[in-house]
Amino acid sequence: MTTTEQPLLLAAVTLLSALHMGLQTRRVGRSRKKFKIFPPTVTGPPEFQRTFRAHQNGVEFYPMFLVVLWTCGLFCNEALAVVGGLVYIVAREMYFTGYSHSAEKRLPGFYLIIIVLLTLSTITGISITLSLLDKYLKIKVI
Amino acid sequence: MTTTEQPLLLAAVTLLSALHMGLQTRRVGRSRKKFKIFPPTVTGPPEFQRTFRAHQNGVEFYPMFLVVLWTCGLFCNEALAVVGGLVYIVAREMYFTGYSHSAEKRLPGFYLIIIVLLTLSTITGISITLSLLDKYLKIKVI
Amino acid sequence: MTTTEQPLLLAAVTLLSALHMGLQTRRVGRSRKKFKIFPPTVTGPPEFQRTFRAHQNGVEFYPMFLVVLWTCGLFCNEALAVVGGLVYIVAREMYFTGYSHSAEKRLPGFYLIIIVLLTLSTITGISITLSLLDKYLKIKVI
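Protein chains in written order, with numbering that gives the first Met the number 0: chain E, 0 to 141; chain G, 0 to 141; chain X, 0 to 141.
These are computed hints drawn from the structure, not numbers from a lab.
Any given hint might turn out to be false.
The calculated BS3-like cross-link candidates involving lysine-lysine, where the alpha carbons are at most 25 Å apart (straight line), are [as the list claims (entries may be wrong)]:
| no. | chain 1 | residue 1 | chain 2 | residue 2 |
| --- | --- | --- | --- | --- |
| 1 | X | K104 | G | K104 |
| 2 | X | K33 | X | K104 |
| 3 | X | K104 | E | K32 |
| 4 | G | K104 | E | K35 |
| 5 | E | K32 | E | K104 |
| 6 | G | K33 | E | K104 |
| 7 | E | K104 | G | K104 |
| 8 | E | K33 | E | K137 |
| 9 | E | K35 | X | K33 |
Starting from the given sequences, assemble the full structure and let the hints guide the process.
This is the structure we're talking about:
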């Protein structure tokens with residue numbers, strides 16, 4: 000691939016999401032210091048528990064997010080993936096910050112995360128299905 | 000890449016695996032509601048613990064699965080990767096459903112997961128090694 | 000892509016990292032047997048807790064590592080990514096082995112992990128930014 004063909008914006012958003020994931024990891028480390036909870040302990044006061052779980056939820060969703068982001072970007076539409084990726088990072092930040100304050104405050108970010116992932120994966124799923132019909136059955140729906 | 004060159008089936012299986020991962024996440028959420036265990040709590044009655052751990056195991060294996068799936072699909076054989084990916088998703092479902100009933104019932108799915116991952120990664124490892132020998136040392140084994 | 004254009008070494012390092020991740024999973028399984036801690040239990044004597052957490056930390060970092068490895072390899076420099084990937088695997092092994100002995104002994108591996116990830120992601124971030132400036136604004140910095 001030449002530079003002009005490479006999905007550079009997609010790569011940039013992906014690297015940004017990894018950086019944000021790293022910052023979440025760091026905030027758990029800081030919460031450990033604040034409450035003097037040293038590894039391998041993973042339990043503590045409610046604020047630490049919420050911060051710890053906020054990060055864990057990010058870890059659980061991250062590979063799913065990457066799959067949706069890249070199948071969308073490579074097999075459907077790069078611009079859509081880039082916008083969706085940025086919204087996801089914002090939603091993930093809302094989730095983390097909200098959750099560290101209270102369990103309820105994680106919900107707006109959580110709903111936005113679900114909306115982004117469902118939207119991108121539905122559109123991408125339809126797009127890949129249409130491409131498969133075209134490639135293997137020579138059926139052109141659109 | 001033109002549409003005919005793109006690994007569309009590989010992308011479809013990958014998106015399907017992400018959907019299945021999402022459904023596992025949702026089943027943990029439902030188990031939370033059933034037993035009234037609200038975040039950030041992650042402990043509860045045995046059935047909840049097993050459902051929670053079944054999902055966690057899926058989370059732990061998912062990036063490894065994606066690596067094996069895509070290195071196999073792009074550097075070895077796409078059809079093999081697609082079939083292996085589908086078997087993995089079935090095995091993962093067996094694991095999750097089995098584990099939610101009892102710890103022992105997770106084992107058939109678990110063994111199938113290990114067999115799929117070892118088979119794909121061994122074949123892919125051999126294939127990449129042969130390609131490396133060809134590319135860098137001009138040795139053609141086959 | 001023809002064989003000579005494919006990032007074969009990058010694929011080899013990636014597959015190796017997945018194998019190492021699998022071996023870490025297995026060591027948790029062995030620690031379970033040693034201390035007779037059967038799933039879904041995840042608590043036990045300190046040595047088991049440390050082994051369990053060493054693996055969990057590997058799981059948390061693995062998708063971030065894959066993102067940095069592949070954005071570096073595809074959008075910046077493959078040789079740099081390959082070397083960085085190998086150092087990461089060594090650092091991850093130091094972390095795991097160290098942590099299974101004591102919480103303090105995980106630190107040298109941990110610092111090396113952070114150095115590798117920050118180095119690769121910074122260089123890749125700069126490289127992608129320069130490519131973006133060139134592609135969209137026709138600004139050639141170098």
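Results of checking the hints against the structure:
1. Distance restraint check for X/K104 and G/K104: the Cα-Cα separation of roughly 37 Å exceeds the 25 Å cut-off, and the hinted pair is therefore not satisfied.
2. Between X/K33 and X/K104 the CA atoms are separated by roughly 21 Å; this keeps the pair inside 25 Å, and the hint holds.
3. Distance restraint check for X/K104 and E/K32: the Cα-Cα separation of roughly 18 Å lies within the 25 Å cut-off, and the hinted pair is therefore satisfied.
4. Distance check on the hinted pair: G/K104 and E/K35 sit about 40 Å apart at the alpha-carbon level, beyond 25 Å; violated.
5. For the proposed pair E/K32 and E/K104, the alpha carbon gap of about 23 Å is at most 25 Å, so the pair holds.
6. Using a Cα cut-off of 25 Å, the hinted pair G/K33 and E/K104 holds, with the two alpha carbons roughly 22 Å apart.
7. Annotation: proposed proximity of E/K104 to G/K104 is violated, straight-line Cα distance about 37 Å (limit 25 Å).
8. At most 25 Å may separate the alpha-carbon atoms for a hinted pair to count; E/K33 and E/K137 exceed this at roughly 61 Å.
9. Our distance criterion of 25 Å between C-alpha atoms is broken by E/K35 and X/K33, whose separation comes to about 30 Å.
Figure legend: structure checked against the earlier numbered hints; hints not met, in rising order: 1, 4, 7, 8 and 9.
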